[in-house]
Every structure is written in structure tokens, then in C-alpha cells.
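Trainee: Starting from the given sequences, assemble the full structure and let the hints guide the process.
Taken in order, these protein sequences are the chains called A, B, C and D. Mapping of the first sequence onto my numbering: residues 3 to 396, in sequence order. Mapping of the second sequence onto my numbering: residues 3 to 396, in sequence order. Mapping of the third sequence onto my numbering: residues 3 to 396, in sequence order. Mapping of the fourth sequence onto my numbering: residues 3 to 396, in sequence order.
For the record, the hints were derived by calculation from the structure and aren't laboratory data. Hints are not guaranteed to be accurate.
As the list claims (entries may be wrong) - List of simulated lysine-lysine pairs, DSS-like, C-alpha gap at most 27 Å:
| no. | chain 1 | residue 1 | chain 2 | residue 2 |
| --- | --- | --- | --- | --- |
| 1 | D | K85 | D | K222 |
| 2 | C | K103 | D | K103 |
| 3 | A | K103 | B | K222 |
| 4 | B | K134 | B | K216 |
| 5 | C | K103 | D | K52 |
| 6 | C | K222 | C | K138 |
| 7 | A | K216 | A | K138 |
| 8 | A | K85 | A | K222 |
| 9 | B | K85 | A | K222 |
| 10 | A | K103 | B | K103 |
| 11 | B | K85 | B | K134 |
| 12 | D | K52 | C | K85 |
| 13 | D | K134 | D | K85 |
| 14 | A | K52 | A | K134 |
| 15 | C | K222 | D | K134 |
| 16 | D | K85 | C | K222 |
| 17 | B | K222 | A | K85 |
| 18 | B | K138 | B | K216 |
| 19 | D | K134 | D | K216 |
| 20 | A | K134 | A | K222 |
| 21 | D | K138 | D | K52 |
| 22 | B | K134 | B | K52 |
| 23 | C | K222 | C | K85 |
| 24 | A | K216 | A | K85 |
| 25 | D | K103 | D | K138 |
| 26 | B | K103 | A | K222 |
| 27 | A | K85 | A | K138 |
| 28 | C | K85 | C | K216 |
| 29 | D | K216 | D | K52 |
| 30 | A | K392 | A | K222 |
What the hints assert, rightly or not - If we take Cβ atoms under 8 Å as the criterion, some of the chain D residues that face chain B in the derived model are:
| no. | residue |
| --- | --- |
| 31 | L5 |
| 32 | R9 |
| 33 | V96 |
| 34 | A188 |
| 35 | A275 |
| 36 | L332 |
| 37 | H355 |
| 38 | N357 |
| 39 | A358 |
| 40 | S367 |
Glycine residues also receive a C-beta, built at the ideal position from the N, C-alpha and C atoms.
Protein chains: 4
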Amino acid sequence: MPLANGRHFLSIPGPSVMPDEVLRAMHRPATNIYEGALIEMTHGIVPDLKRVARTESRAMTFIGNGHAVWEAVIVNTLDAGEKALVLESGRFAVGWGEVAKALGVEIEVLNAPDRGGVDPQMVEDRLRTDTKHEIKAVLVVQIDTASGVWNDIAAIRRAIDAAGHPALYMVDCMASIGCVPYEMDAWGVDVTTAGSQKGLMTPPGLGFAWASQKAWDKTKTLTRGRAHWAWELRAEPEVFYQLFHGTAPVQHLYALRQALDMIFAEGLEAVWARHAAIGRGVRAAVSRWGENGPLELNILDPDACSDSVTTIRTGAIDAQALRACTETKLNVTLGTGLGELQGITFRIGHMGHVNAPMILGTLGSIELALAHMGAPYAPGGVEAAIAAMKDDVA
Amino acid sequence: MPLANGRHFLSIPGPSVMPDEVLRAMHRPATNIYEGALIEMTHGIVPDLKRVARTESRAMTFIGNGHAVWEAVIVNTLDAGEKALVLESGRFAVGWGEVAKALGVEIEVLNAPDRGGVDPQMVEDRLRTDTKHEIKAVLVVQIDTASGVWNDIAAIRRAIDAAGHPALYMVDCMASIGCVPYEMDAWGVDVTTAGSQKGLMTPPGLGFAWASQKAWDKTKTLTRGRAHWAWELRAEPEVFYQLFHGTAPVQHLYALRQALDMIFAEGLEAVWARHAAIGRGVRAAVSRWGENGPLELNILDPDACSDSVTTIRTGAIDAQALRACTETKLNVTLGTGLGELQGITFRIGHMGHVNAPMILGTLGSIELALAHMGAPYAPGGVEAAIAAMKDDVA
Amino acid sequence: MPLANGRHFLSIPGPSVMPDEVLRAMHRPATNIYEGALIEMTHGIVPDLKRVARTESRAMTFIGNGHAVWEAVIVNTLDAGEKALVLESGRFAVGWGEVAKALGVEIEVLNAPDRGGVDPQMVEDRLRTDTKHEIKAVLVVQIDTASGVWNDIAAIRRAIDAAGHPALYMVDCMASIGCVPYEMDAWGVDVTTAGSQKGLMTPPGLGFAWASQKAWDKTKTLTRGRAHWAWELRAEPEVFYQLFHGTAPVQHLYALRQALDMIFAEGLEAVWARHAAIGRGVRAAVSRWGENGPLELNILDPDACSDSVTTIRTGAIDAQALRACTETKLNVTLGTGLGELQGITFRIGHMGHVNAPMILGTLGSIELALAHMGAPYAPGGVEAAIAAMKDDVA
Amino acid sequence: MPLANGRHFLSIPGPSVMPDEVLRAMHRPATNIYEGALIEMTHGIVPDLKRVARTESRAMTFIGNGHAVWEAVIVNTLDAGEKALVLESGRFAVGWGEVAKALGVEIEVLNAPDRGGVDPQMVEDRLRTDTKHEIKAVLVVQIDTASGVWNDIAAIRRAIDAAGHPALYMVDCMASIGCVPYEMDAWGVDVTTAGSQKGLMTPPGLGFAWASQKAWDKTKTLTRGRAHWAWELRAEPEVFYQLFHGTAPVQHLYALRQALDMIFAEGLEAVWARHAAIGRGVRAAVSRWGENGPLELNILDPDACSDSVTTIRTGAIDAQALRACTETKLNVTLGTGLGELQGITFRIGHMGHVNAPMILGTLGSIELALAHMGAPYAPGGVEAAIAAMKDDVA
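Mentor: What follows is the structure in C-alpha cells.
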């Protein structure tokens, strides 16, 4: 493997690359979990979680992955037999809906246009017909990790309002928090979910939820049995262990603390700007490659392309062979296509701890693999990315 | 703090001291979660989890703490409205029962004799009266982390059998697995639960469950909604992510792999023997100290004392002042008393990665603190521990 | 710094990027230095050091940097008043000569042609005139870290032989070992020196020397006082500490062990091939950039360009401003020009743990900085590198 | 090994136990060595090195072990043919003298009384006879790591002054710096040497020297060739790399920075008090054990016993068997006897990162091994240590 040995480039859309500082912060012996530094440090995390979601709402941390948090928020907001409207735009809102359904919630899926994002007008239209307000919640992802789409959360809020509908507005920000602008309070979101392992640059194993007062009030009406996921004491604990309903995830908390410190040292807006520039660069490269061949962005509308993950259709080029080439011969791991996109797409993750040399190295390696494979493509993708990003150097 | 600066001695009953090798194994960058080394390594963990519980049953790993696993096994075995018998012997079986109750299970608590372990005869007697077999599960802990009691799991099985009762037998091994003998299959246990952070020497954040065929069959009868906790695909996944119902806890898995390697390199029986000797040493020290003062073991029957955690009543000595002295002046963290034992006891954890110098250093520091405080005690605790352990040196 | 935050790209010619595995191996508590695992592991390093220099000669490890090893080998081979011929081709052979001179050795410098490597014919010519064999040693570097030149060590050996001269042939491989082909025995080298922090991918702090029997015999003739550097017991210790004349560098040895394991797992020839391809890629990029502007390779003869470090003249472009741009705005650290090349060149290190995505990320970032600065250059450097390397993907 | 598995207790007199924080600080990727954070951090180390030796003198850092620094200071202060008086009190001043001798210095050894420290009166007497002032330097160790003796550096200074002798006063503080009081300026020491791996709690690989103006002036008179060790530019560098005469030891410097931070956070006097109390505890334990058997302190005068290392004669007890027992069966590594003390002594290191539980664990393990072996000793060593230290708890 003459060109592979060196640093591994993990260019999947999460778990994403973690800063060395975060790993170092996690490399920490077991500690007192009843008193002392851990307790103080952990309480300091809560306000920063609120800052990252731009909200004054309650923030809760769960030990678990993204699927765990999906369940956690459903359990705290919806009873069995209640109905939720899932706004499909790829794979993950649907997955959330499946969890809700398994927990007894009635699910209706509203599909986005093919290769596009959620259409707010369709949401408004559907909600207008729900005159009895049987729909208790609207579920959507800000960015779909599979399709690479970005949904306009503010616009969907306006659509819900236009329909005068009281449903809880619940947004999954797993692939978007710490990557692109998100304004929970300004956009009127009731429940936000996220995880540690993407934009928040922390190993997988922590999930987060933020809940508006409206969501909080809804919890009080539930008849569903709740124990581990019950979020009341997690948000307002009397004793420390209630924050996590049991033993705290000590090492992860130190890692998260470090990651949050790095995000705020850079500035949240600067983080967003960085992702925007890099996303633009990636799309410029893909567009160039596609000028002379089958490669193309999965999402048709440039304005609906995500700045944290890009899904690329490969047409006549064998997507898995391309991924295998970069993986084994260049030490660059690209994301595989998911679901119906498997085999016909690959994905580039550009979320969290990602900068110009990382993305240029990844794009260069993809182009090198295309060249090596003799695949049909137009050279110059990296140059196009450079041209697209040069005014963002600051 | 003239005598404090140096290594921290964490002598709490979990999260316990982790081997440096485990922390080093966890210090690892993000990796491909779809293919490659992680997948192979993770599949290798499952058989080792079975070895550690001495079972051929299915083993499942959950991201979460002990409370999470409590919920997970309840959700997979008991419907709302079904009844469980909780065998109280401290605090934690009761806590498990509270989780079950919050999930709709009807709970009956059978109390152990004061300062003692579960009495199998009482279990048999109670079950004999349940002629309609309304009790669907019996819940007990092998070791109670609060009281320091050890329950005779095999004897309780015999009691259940003597009563001819078909209830599922569910045992929490959080504070005992990897510490004291446990034979899930030989003792006829249906569900075992445990966590990563005590005898298994891995940071908190992973929980484990093992389920007998009888428990597996019970799952099929449930009407309860199950999503994240559903253990069928976790035990028999079609694709990797189903093992964890979502993103795998990458760093924790590498840590666990290292810890299991260390346990089996030592030999599980050798691990048990080590804990037995150290437990005996701790009790010898406490008994010596108590010859001339108020210190005494919380558990009255020496045969019911746990070999992984020791709870000590302090009588006229201020338990919290003693703990504060060792913590701030000697850098030794002792466990606080829990629940009704708070303020009148302290606890010494001796589980997992613990050897002669660690426990002698801890006991010596307690004795040093007692001497410094002018507390009423008989010197010679460390000598008594040495005498009690010297034939175990091998 | 919208495009900077993410992994740091260290593209200087040493200390070079270390594998995460090497750092992890070094993260290790203090250990017994008299018995046990350390001793066995350390003895295993010696044969691998011989393999890496392709020699059956004795190998010695010194705690120190490259300058320390320069002194160590001078002290062991040359008395004050003896004469050495320094073959200048940049900065480092001259530096070695300065160390020798400070230790009393008489130095004569033979300059290479401007912007070129050592001319073997000039060496032969000079040695032929030394009919009294006053020159006791010939000093040269295989690769000069400042100029970026690669010298033909085998050809210089032939020149020495052609002159029939008995001088010791001493070669500094600091910037070349573990990067490009080196055959100490086949090429008749008497003394080789190297350090840990470049091709050997280990933190700075270890130096290495290899000595032929001829050099060994020369040592016996010396009158110079020698203590710490004396290499006899270091090569053939009676007790362990003599390997290092004092306490062993425990953590570094574990790091080095890991690095050597990685080199031999890849295969030394594969390592060389990787560097050759990447060096070719870098030069292709620089040549492209220079088509429309002042950028050019410092070394004029392409065959004399090093495959581990490339020095680039920037002409009208401010080299320090370019470096500052990549450093502060893109998180890519480029090497500064040294000595007379300071301010008019920059350097790209591509040694050790370096692969396609790393170098493409670095080249892309340089090109991005050039674009951002509005500097005169021809775009397409990365594409040229890709074209130059695509047949090396294997 | 029922009682061994758990944390390793390294109780040798260096390399000593390092704080986890120090290892974590060292776990750091390669960095820019020309500009930026490393440079600033390194310059900050120098004043702290002066603080730790209580001096306004110049401080120099060398990459190397203790033997390296011995050579470094000889090379900078004494010419071949000059004479030095070595004050023997164990093994290490003699070792220093051997290095000096190999570098051409004439050595005269003045032996301390058997099992005792340097007698200042003998020093004064000898120097009075050197009426021609042929002795250019007096070499002594503050603490001898082999014999366990502590020498009274201030008293020896008074002896030199009483003799009116102008020799440089050179003190090796390898085993004492950061452990026991040392006042370079107040005590009129001209050259102090030390290393990183004992009281300074940093991995082996760095050595330090401090030089008075008088020593500095002596350097100017030398005819000896000096290159790598020359300390002028190391103390007063024009460019960064001169601090280390070549590449800086990046990872070690970060480790040292962390260790110094910890020392000054505790307070240097508090560090000394901690060592004093622990040394007293160790000697109390040994004295108790010896009441009924052959164990005894190697140093006869209690006031001359070191507070960082204790050497224990074992008489009829096989010292190596005792060490093997603690090593293999209890995971406690004791120091072996050195030189003529090998086989008849063992050593306990208690230097640097050492506190009450660590030393009590070590002492308890020694006593456990003695009990297990059936060796002749009086039990109660740990109790005696506790009694000796209890008033130091603060």
C-alpha cells in the first residue's frame, strides 16, 4: 500500500474526527462521583449545551447513541395512541418515526420531493387538514445524514404556524448541531435532539435533548410509564446522579467539556462559517468531477445541500469499489450509501473537527482514486474547491 | 497537604480503578463503524461476556449505566400489570423495583433480616403462597453496593425450585461480576445484569444483560412497546449497528476488550480468589479496629459479607469527617454511606483492579486518619489484614 | 479562522508527524528498569535498527538529538588534530563539521555545485591529492534537510575507492533513514548516524549510530578522553544500563518499538516506494505552480531532489507571509528556510508517517494560500501531483 | 498471582512514579519547533528550574540521563589534567568521578565513614593540606541513591570555607531535588546537577545543570574542546534551538512543564515536608521490623538517612528473594541493592509523586511478603509508620 500508510482520514458523516485534545481529556482515571471536581465540571456543561442550541430551554444529557435519544424524547412527549407526523427527507426522520411507532405512537409519513428537502408548503397543507389536531408532534431532521439534505427548520415552523397547528415541533440535529446555524428558540422548536459524535467532536455515547416549556407541559399529561428516560430529574436534579439516572459517564463528560471549550474558543458563528465554506468547496469539487461523467450531487437543489455531509451519486462508477480504493490504498474512509442509496452513492462527512487541509486531502484522494481506477470524471475537483473557498480564508 | 500529593486512591465501590492499559486502549481516534477492525473486535466480545457470567445464554450490550440496564431487562421481560417480587437486602434491588414500578410492573418487596442477606426460606415461603403464580419474576442483587451484603444466589434458586414456582429469576450482578463466583447456568438464573465500571474495570457507560431461553420466550409474549431496549436484534443482529441499536460506543468497546483480556489472562477463578483474600483482609482490619471502639461491619454474619465492597458502621465516629480526612489530607476517596446508612457508615470498594498494595495502602490510610483524628479504635488493622491474607500470597 | 480549526498539519521536515499508535505506546507509567519487560523489549530493538540501516554492523542508541549523535560519533572515531573532509551540499554536513571542529578535529569543506548535490568526481579528485592520507574521515549527509538535496552515497563510495583512500566514510541519515533506500553495508559506509524524529516516527530525543568494524578498530587507536559517548559498552553491554550509560529512556523506547513494528509491517521497501511517489507528487505540484510565476525547486537537478523534504524558492512571493498564511489561517505548518535560504524559500516535509491524503491536503492548502494571497502561480498543482502519483496507488 | 493484579507499585528510587497528568501532558503530537506555543512554554521553564534549586544562577537543560549531565558539567568546568576531590558516600559521587576521570580529570576520592555520610571535618582537613590549590573542584551528592545517605551540603560548604579553599563546589542532586531542602545560592554551591526522573516526576531523558558565576568564569579558562555540552548558548540562546543544541525534546518539555506546575501548586516547602514525613515513616517501619530480626537501616546515623530513598540491610533474609516475592506476587517493585550492597540490601524509593497511601501500601506489602516467607521480623511496621506520620497529616 505505497500511498496509504500515514494518518487515517476518516471522512464519514460521524462518528467524526475528534481533536487530540478531546481524546487526551478523556484519558483520565476513575474519580469520585459523589463530590469534587466532576460534579462542578458537569454542572458547567448544561449552560454550554443551551448555548450550542441557542436556547433558554432545559437541556438533558443521556448516556446513549442517537437512537437512544429518539426514544427518550418520544417517551417524554407522546403517549401510545397519539399521532406524529414524520417529515421524510432521507432516512433518519423515518428511523425516528419507527422508534416512535414501536413505542405505540401512530405515525404518518409525509415524503419530501425526490432528491430534495422537506417542502414547507406541503407541511402547511397537511396540517391544515388536521382540523381535529390529532397530530401531536411533527418530527423532522435538520440534516439527513443519508441523503445529505438540509431542511429549512425556520420555514417549517412558519408553515406550522400558518396552519395554526398546535403540534409539538421536534427536530433532530444529530448531523447539524455544531455545524450549521440552529436557533431553537428563535425558530420555535419544542424538542431538539443531538448526539456527541458529530459536530460536537466527542466519542459516541452521549445524547442530548432540549425541551421547550410547551414540551415540558406535555410531559405532565402523559400516562405512559417512564423510568430511565424520564427527563424531569435529569433537567432539575436534587442529587448529582439524577442528572444521568445513575452513574455518570465520567470520561465522556471530560471529553465533552473539552470539545465545548474548543467550540466556544473558536466561536459558534465561526464554526458555522467554517462548515459553510467547506461544504461549498466539496460541492464545487463534485460538480467539476461530474462535468465529464456520472458523478453528481444527490440533492438537486444547491440551497438544500447540507454543509456537514455530502452524498454523491456515482452512476456507472462502482461506488463501493471507489470506497474500497480510498480505504485500502489511500487510508481515506468515505461514508457508504445508506438504504436505497447503498451501492449507488458514497458520502463525504465534513462535520466537526474539519478544516481546509483535511477536506482538500480527502477530495484529492477521491480524485486520485478516480484517476487510478480510470473512472470517467473531469479532473480539477480540488482546484474547483480551492477556488470556491479562497475568499473564506481569514 | 503534606501527605496527600501522589497517586489518588479511589476506594469507592465503583466506578472502580481502571488499569492504565484500559485507558490507553480507549485513547483511540474515531474509526470506520461500518467495516474493518471494530466490527471483528466487537463480535469477539460477546463470547467473552458469556464466559464471564458462566453461561451459554444470549448476551447483550447496552450503552448506558446500571439503571439503564435495569430498565432494559424489565422492558424485555415484564408487561405493565405483571408482578415482580423484589428481594430487598439493601438499596439496589429496591431501586431496580422502583424502575420496574415506574414502567407499570406491580412490585412486592420482601425484606431481608436487618443487617443480613436474603433468607432463602422466606423466599420459598412467600412463593409457596403464590399458588396462582401471579409473581412473574423474582429480582435480587448478588451483592448490594450499599449494605455490603452478599446473597446466596444458588440457595435462592433452590428455594424457588422448592416452591415449584415458575417465575423468572433475575439477578443484578453490578457489584459482583468479575469479583466473586457467579454461575448463571449452573444456578438457573434467567436474567443477569451488570455494568462496565466495577469488576469489569472499564469506564462507566456500558451495561450488559444475559438472558436464558426461558426469558427469551417470555419476551415473545409481551404487549409492551419496545424500541431501543428490544434485545432480539442486539443478540442476533443482521447488521452491525443493530448490536447497539445505533452507533457503536467505539472507544468503550476497545476499553472493554482490553479489560476482558486482562481478566482472562489472570483467569476468572484467580480473579475470584484475589477478591476473596482481599475481602477477608479488609474485614480483619475492621474487626481489629472495632475491638476498642465503635467501628463494626454493617453485615452481621461474616458469611454474608461481600468480597467486593465493605460497609462499616462508625458509631460515635463522624463518618463524613473520617471520609473528608482521607480525601483531602491523604488523597484516598472512600465510599459514602447510602440512603439510611448515610452519615453512619462509610464504604471501602475492593473490586476489579485491586491488589495487596492498593488495599493495604487504603487500610493504612484509614488507620492513619483515625490516629490523626484521635478517634477511638484499636491499632493494628493493617497487621490484622496482613495476617489474614498471608496464606493467599501465591 | 474559518478554515483553520481541525487537525493540525505538520509539514515540516522533522520532528515529523507521529502515528497515534506511537504516542499511545509512549503513554506508559514508569517501570522497573532493572528486570522484566523493558529489558527484553529493548534488546529486541537493536536487530531492528540494523535492519533499518541494512547493516550487520554494531548499532548504538544515544539519548539526545541529532547534534548529540554528531558529537558521539566524532568522539569515538577522530582525535583532536586529525582531519576530516566535509562534503557540503546545504547546511547539515557543515554543521556536523562545526561540531567536529569544536572537538579539535581539523575540517576541510568541499562545496557542492550551487543548488546541487555532492559531485563524486570532485571528491575523488580531492582525495587523490591527499597522498599522505591526512584525511581520516569523509563526512556527508544523504539528504540535506535545508537544501532538500539527495546525495548519491553509493557513488561517493565509488569515488573514495577510485582514489584508493582509506578514510572512514561517515554518513548522516537524519533526514533519510526510513525514507529512501540506504544500504550501509552494500555501500561501504563506516559510520551512519540518525535520529528518532523523522523517518523513524518517534518523538525527538533518541539518536542512533551504526559503526563498521573499520570504525570500531579506529576507536581503539584514540587518545581522546571519552566517557558518556564511548560506544563500546553501549554496543556490547555487560549490564543493561550500559546500553545508555545510565538510566534508559523508558517511554521513548516503547515509542520506538511501536514505530519499528509499523515500518516492518509495511515493509522497508514499501516505505521507500511510498516516499518516492510522494516526493514525485510534490515536485510535480511545485513545477506546475512555477509555470506561471516565481516558484521553483531549490535543487536544479530533478535526480538530486530528495524524497523526504522539498525546498521551494519563492522569488517575488514573500515566503514568510505564505508560511504565516498557511499556519494561522489553514493550520498547516510549513518548514522555514534555513540559513542563507531563510526568507527566500519554504520547505515541505514529507517524511515518515505521510500518505496521499496528508500530502494532498498540504499541497492543496499551499495552493489555497497562494490563491488567497493573489500570488503569481499557475493553478493545478494538486492535479499535477495526482497525475504524478496515480500509477503508484497499489 | 491472587494478590498481584491491580496497580503496579513502583517503589524504586527512580525513575519514580509519574503523575497521570504528566503522562497526559506528554501525549501530544509533533508540533512546530520554530515558532509558537512550544517556544513560549519552554522559555517559561527556565525560571522555574531556578526556583526549584533556589538559585539566581544560570540553568541549562540537556537531553540525556544523569550520566550525561555529569559529563556535561565536567566538560564545562574542568580541563584534562586538573584535579577534583570526590567525596564518596556510596556509589554515585564515585561514578561521577569515573566520568570525570575518563575525560582526563585527575580524581582523588575521600571516603565517608562506613555506613555514614560525608564528614565535613575530613573535607576541611583534606583541603587545608592542598596549599597549592591543586584541587579545582569538590564533587559530592546530596543523597546517594545506593547507600541511602543524606549529606549536609551546607556543612560541607562551611568546611570548604573554613579551609579557605577556592575549589568549585559541585553537587549532584539527582536523588534529592524536589524532595528535600536544597538552597544552591544560600549554601554557596557552584554547580548543581539533576535529572527529570526522580523528584521532578518526569520521564527519564532530561538532565539539568545550574552554574554559579564562579563556575561560568571558570568555563572561559578552559582549553578543552566543547561542542554539544557547551553551556553558554544553552543558557543564553540567540535562537531557540541553541537551548538544546539541536532539536528540542518536545514531548518531555510538556511533561516537565506539567510536573513543575504540580510542584509549585503544592509549594516547594510542602513537597519537602511531605518527603520528610514519609521518610520518617519508612524508617519507623524498618526499625520495628528489625526489633526481632536482621532487618536494619543501612545508614547508622538517623540524621544522615535520606528522605527520598531508604536502603535496608536484610542480613539472613535473602534480599533478592524478598524483592522477587513482592514483585511477582504482590506487584510491588522494590529497588535492588547496588554495587557491594547487592544481594544484602533492598531499597525503597519514596521520591516525587508519593503520598501516605502509596508508602503505606508499599510497607504493608513488604510486611506481607515477610510474613508469607516466614522471615524473622517483628510485625507492626505499618503501625509504626502510621504512628510516626500521624502528626504530619495536615
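Trainee: Now tell me, hint by hint, if it's right for this structure.
Mentor: Now the hints, each set against the structure:
1. D/K85 - D/K222: holds (17 Å)
2. C/K103 - D/K103: holds (23 Å)
3. A/K103 - B/K222: Holds, because 18 Å separates the two Cα atoms, which is no more than 27 Å.
4. B/K134 - B/K216: Since the Cα atoms of B/K134 and B/K216 sit roughly 19 Å apart, the hinted pair holds (cutoff 27 Å).
5. C/K103 - D/K52: violated (32 Å)
6. C/K222 - C/K138: Answer holds: C/K222 to C/K138 is near 14 Å, not above 27 Å.
7. A/K216 - A/K138: Distance ~12 Å between A/K216 and A/K138 Cα, so the pair holds.
8. A/K85 - A/K222: holds (17 Å)
9. B/K85 - A/K222: holds (26 Å)
10. A/K103 - B/K103: holds (23 Å)
11. B/K85 - B/K134: It holds: about 12 Å lies between the C-alpha atoms, which stays within 27 Å.
12. D/K52 - C/K85: violated (41 Å)
13. D/K134 - D/K85: Roughly 12 Å separates the two Cα atoms, so the pair holds.
14. A/K52 - A/K134: Violated - the C-alpha atoms of A/K134 and A/K52 are around 34 Å apart, more than 27 Å.
15. C/K222 - D/K134: violated (36 Å)
16. D/K85 - C/K222: holds (26 Å)
17. B/K222 - A/K85: holds (26 Å)
18. B/K138 - B/K216: Roughly 12 Å separates the two Cα atoms, so the pair holds.
19. D/K134 - D/K216: holds (19 Å)
20. A/K134 - A/K222: holds (21 Å)
21. D/K138 - D/K52: holds (25 Å)
22. B/K134 - B/K52: Outside the cut-off at roughly 34 Å; violated.
23. C/K222 - C/K85: holds (17 Å)
24. A/K216 - A/K85: holds (17 Å)
25. D/K103 - D/K138: OK: D/K103 and D/K138 at ~14 Å, within 27 Å.
26. B/K103 - A/K222: This hinted pair holds, its Cα atoms lying about 18 Å apart.
27. A/K85 - A/K138: holds (6 Å)
28. C/K85 - C/K216: Judged against 27 Å, a Cα distance of about 17 Å means the pair holds.
29. D/K216 - D/K52: Since the Cα atoms of D/K216 and D/K52 sit roughly 17 Å apart, the hinted pair holds (cutoff 27 Å).
30. A/K392 - A/K222: violated (52 Å)
31. L5: holds (4 Å)
32. R9: Cβ of D/R9 sits 6 Å from chain B, so the hint holds.
33. V96: violated (31 Å)
34. A188: Hint on D/A188: violated, closest Cβ of chain B at ~23 Å, above 8 Å.
35. A275: holds (5 Å)
36. L332: Hint on D/L332: holds, closest Cβ of chain B at ~5 Å, below 8 Å.
37. H355: OK, holds: D/H355 within 8 Å of chain B, min 5 Å.
38. N357: Result: holds, 3 Å to nearest chain B Cβ.
39. A358: holds (4 Å)
40. S367: holds (4 Å)
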